[in-house]
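Novice: Top line first, the protein sequences correspond to chains A, B, C and D. Using UniProt numbering, the first residue of the first sequence is number 1, and each one after it goes up by one. Using UniProt numbering, the first residue of the second sequence is number 1, and each one after it goes up by one. Using UniProt numbering, the first residue of the third sequence is number 1, and each one after it goes up by one. Using UniProt numbering, the first residue of the fourth sequence is number 1, and each one after it goes up by one.
Hints may contain errors.
Where chains are identical, the list cannot tell them apart; a pair therefore holds if satisfied intra-copy or between any two copies.
With a Cα cut of at most 25 Å, we get these calculated BS3-like pairs of lysine-lysine [unchecked claim]:
no.	residue 1	residue 2
1	K6	K201
2	K323	K333
3	K75	K6
4	K6	K314
Derived from the structure by calculation, the hints contain no laboratory data.
Number of protein chains: 4
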Amino acid sequence: MIVVLKQNPNRHQLESLIAWLQEKGIIIHTSIGEAHTILGLVGDTSQLDIDLIAALDIVEDVKRVQEPYKNANRKFHPEDTVVQVGNTQIGGGNLTLMAGPCSVESEEQVVAIAKAVKASGATMLRGGAFKPRTSPYSFQGLGATGLEYLKVARQETGLPIVTELMDLSQLPLFKDVDVIQIGARNMQNFDLLKAVGHQDKPVMIKRGMSATYEEWLMSAEYVMAGGNENVILCERGIRTFESYTRNTLDLACIPVLRKLTHLPIIIDPSHATGKSWLVDPLAMGAVATGADGLLIEVHNDPAHALCDGPQSLKPEVFDGLAKKLLKLHDFMKTVEE
Amino acid sequence: MIVVLKQNPNRHQLESLIAWLQEKGIIIHTSIGEAHTILGLVGDTSQLDIDLIAALDIVEDVKRVQEPYKNANRKFHPEDTVVQVGNTQIGGGNLTLMAGPCSVESEEQVVAIAKAVKASGATMLRGGAFKPRTSPYSFQGLGATGLEYLKVARQETGLPIVTELMDLSQLPLFKDVDVIQIGARNMQNFDLLKAVGHQDKPVMIKRGMSATYEEWLMSAEYVMAGGNENVILCERGIRTFESYTRNTLDLACIPVLRKLTHLPIIIDPSHATGKSWLVDPLAMGAVATGADGLLIEVHNDPAHALCDGPQSLKPEVFDGLAKKLLKLHDFMKTVEE
Amino acid sequence: MIVVLKQNPNRHQLESLIAWLQEKGIIIHTSIGEAHTILGLVGDTSQLDIDLIAALDIVEDVKRVQEPYKNANRKFHPEDTVVQVGNTQIGGGNLTLMAGPCSVESEEQVVAIAKAVKASGATMLRGGAFKPRTSPYSFQGLGATGLEYLKVARQETGLPIVTELMDLSQLPLFKDVDVIQIGARNMQNFDLLKAVGHQDKPVMIKRGMSATYEEWLMSAEYVMAGGNENVILCERGIRTFESYTRNTLDLACIPVLRKLTHLPIIIDPSHATGKSWLVDPLAMGAVATGADGLLIEVHNDPAHALCDGPQSLKPEVFDGLAKKLLKLHDFMKTVEE
Amino acid sequence: MIVVLKQNPNRHQLESLIAWLQEKGIIIHTSIGEAHTILGLVGDTSQLDIDLIAALDIVEDVKRVQEPYKNANRKFHPEDTVVQVGNTQIGGGNLTLMAGPCSVESEEQVVAIAKAVKASGATMLRGGAFKPRTSPYSFQGLGATGLEYLKVARQETGLPIVTELMDLSQLPLFKDVDVIQIGARNMQNFDLLKAVGHQDKPVMIKRGMSATYEEWLMSAEYVMAGGNENVILCERGIRTFESYTRNTLDLACIPVLRKLTHLPIIIDPSHATGKSWLVDPLAMGAVATGADGLLIEVHNDPAHALCDGPQSLKPEVFDGLAKKLLKLHDFMKTVEE
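I would like the entire structure built from these sequences, with the hints used as guidance.
Specialist: Shown next as structure tokens:
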């Protein structure tokens, strides 16, 4: 951490700051220039509150050199994390296809889709039981009943299930779920993150609509600080001024996160674009960029989906796409030695 | 609502759509052009799920003409909502000054600040007991103890208190709070919104970091749909590419919301800018633009604040600012007839 | 185009509007609802000034149904445009690799790089002679001399050259250039667009830092309206709040533009990310998403590049990447029937 | 400037870097930590190309401590710049009201508006002769004829004129204009900036749609580096995801720029919002926040304006607003001692 002091800092305040930092085991290198004095802080600076230091009268600016996250940081954990879910592994060179309906609507629907996507190569079933909807007048999901239908579909197909938890009060209902999804709108619901950090199921954290990589990784850090190391990151587009697509899918997150963290990275082209015809090319792009997996909406009757219909593929379209994705994943192994 | 159909829509599907809309009491005006057929839907379209219609194979685009919110909509509620809190009123031509520390740190601290800001003209005390912090390693607030200190400060000064609720499980602790604040990161925590909609305390909803006006009003609608009409909106800056200020304060929200809704509008220049020296000019700007009040951080020792120090004013600085703000508010009444 | 009228519009003004529209050959369908009257305008609405109509006292809102661009619109030109440049074709199923230094620094440098990238499979040479630099104190490019060095490199390798034109006063210098590049900062320099529209060389338009697809296509329309049909679009990232990468590369633009326009689409991962280690994965992602080509910075000594060094690949790294890109492009043909 | 080195930097490269910096008169303070070695560079670092240093293999990150602009920097020019235009002064505690039509349409129109706005208190006349329009099919302005009409209006009223220059080839036509405006789309048209820096008329630079404060000041620096010190900055809103308003007006720029630079700051609420009913409250907010002036569109018949009509005020509305603005400006002097 680098602390840039104002010109002619109050000597007494400077000594207090130095003493306080030394107390925390920080070593300080001072560099005195004409215009500025700069303190280089060396040691475990992730414990220092950058805002607190920036608040001091004598400080002009504070800049981090080290990342504020530790458990999620590849520097301290060089090996890729591979998350085991039932018989499938997320990360470690696998391509995980998570597919299923946006909303669980009925047992028949979710079982039929689960069978179809499994036949096409999906290794996990996704489906929403609790749905975050912008309008209180929109369908809010089947709730606990929806979770039951998902479990029936799992029993029929063997596919592990991933579904969104919206509030920590629902946690008891999720004890039989395979992967807990934290939605984009809850990425900084810190009480929820703490709660899922204190249980042992894998957690998939979607990137917030305007979250930076660092904030996203800090949300992972919340979960991991609670003891739960099985965290998956899921990019679903960020908000920009372009409104033709619902959000702007940021595929650069794949290589960037690969460098910053050891956690697996899943891409959701369905929510990112909001248009089903964009799912195919962007899913292919995500695999070529190095994604560990994809989260894709599949619906047997998009026209009657109770939510988010325009971004859902029909099972036969997903079938063609899944085959291409798996072939591309194999191809990529041949060119990336 | 306007539905633009694709060229040569399937006749059977079109008839189904029309029948379904008519069932919901919607009247349909059809306009057939060379390139497009357009359906004009008339009636209560706020109950229609726009995504569901857009999902249909025959539909190219759907555009809303009416707003999707009703309770929060000025068209259906032309009079300004005035929220009564203790002896003070928010909205209706008053200027409400909510001031206090970012975090409650001790009884002495919050009582001292409460007395100071009351003497300067503040009519409400703000202070965080539960703190949303980006890092799990940062101070998370005093929690329930912090709420107790706020109540002591209220008892000593008579100032009603506003403080942030982060999770619905904490709701029982808030029964003696005057106004419940929903933070920016929880603006779309829909379970939390429903929960505060089913209790009777006023709720102040901060705008999400990248929320549109419509999404913000839909969050108000969630609370109001539960029966709680006492909703206050608080702008705290939106995220842009400009990083000199923490966020970009959007003062245009004041006249825009004044037109769209009847709810009072509070501006928070402290969080929006993240720098204490920007609070004064932007608070003045907010009053001249027509804000119903301000939320301002005041700290008796910014250098030792446990969080968000750089944006806090010292009580003596707040005193000067409060006097200017009240004078400006009086002046504005003389020029706006 | 749909015109939503205010409630109880002034009858005289409405009649004037209708007469004016009819004069322009527009057919009007009127749909009268309880809250709103809606006019559906049918005909060539691209000639109507949407702002002018929105300005009318009786109008509440105007929404376009048809795109405002014609020459660039795939609806009116269903076949892909293939731009012929020397012996190479851009678009039409080819993968064009444009490679070279950010800035032309010397004849030796640009010739050496040109030879290297040609050997690796590049089909065009890029290089900046006139450089848009944020600071007046930064190197501004070699100018006319740089253009001469590029021509020497072309003579030595046969690679056609693409280079940026910054001002229309420089146009005479560009008469021996193969493709004129319009930089992101000049995407809405309308005089420059008109000028290159009135000459016959192909023009590659980079997307502005915060331009929408529609604005970008309108810039292409400016060039095409002047009679020059040979326009290439180049995505180089848009500005978002994420600052780890210089910009956010929007690969969704590829399938979206493929639908909206017939013009070829090139991706520039070097400028988009600003980091050389991100070029490889994003270039692969771009090809899998369907790009017609890539614009990649290659430098023989990145450490001494006079500008934009951090994003340049060394020739040997480019060599490995180019081979992978061409293999991936072949692979994609086998899976996309 | 702070240079953070990678772990175990190549010794030879480090020595080269240090030698190169010392050659440029930079003094270097080295701080060696466990994880990172940090170089603190002291001296005139504005001449250093930050990208060049960041490109070096041994460098992990470079951070500026000093601003990259000098002529525009308040640190090197503590006094406010006051720009003299005819009999009026911009900056230095004055409130400059620049008013007039978006587009010059006819001599009668612009003379009538000029007379009206002068009577209301405007001190400068604005009006577009060359118009940057997104569509090649929209009205592009009257050009040279429009400039003539503006001069007639100046003769009739004595109001100095400010109007936009779109291309440096038009510069000879502007020799009789009082203030040259550089539009938002040309903020980084560096050849244009250089050209207006080499002539002696005041230049008003509008902020680019997604420009940071620093980039905006670097554009001012381009003009000032050419010898022209009379630069005025004009905020006209930045692009965000909120689309209800055309752009998001960033009033925080006023106090921020006041600190960073000595140049006067004008606010344009008309273009920023795109809606005439938002001009009044935001203009008032701008004055209370400390703006040096306002740029306001006034049209005698908004319904027939050839461009940008929805944001223009009628003269009688401007009259009421101008009176309020001047009263508020006087009031502000009484409260800001």
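Novice: Now tell me if each hint is right for this structure.
Specialist: Do the hints match the structure? See the list:
1. In this homomeric assembly, K6 and K201 never come within 25 Å of each other (Cα to Cα): the closest approach is 48 Å inside a single copy and 37 Å across copies.
2. Taking CA atoms no more than 25 Å apart as the test, K323 paired with K333 passes in both settings, with 16 Å inside one copy and 14 Å between copies.
3. Taking the closest pair of Cα atoms, K75 and K6 come within 25 Å of each other only across two copies (13 Å); inside a single copy the shortest separation is 33 Å, beyond that limit.
4. With identical chains, the CA atoms of K6 and K314 are at most 25 Å apart between copies only, with a shortest distance of 20 Å across copies and 62 Å within one.
The structure is inconsistent with hint 1 alone, although it conforms to all the rest.
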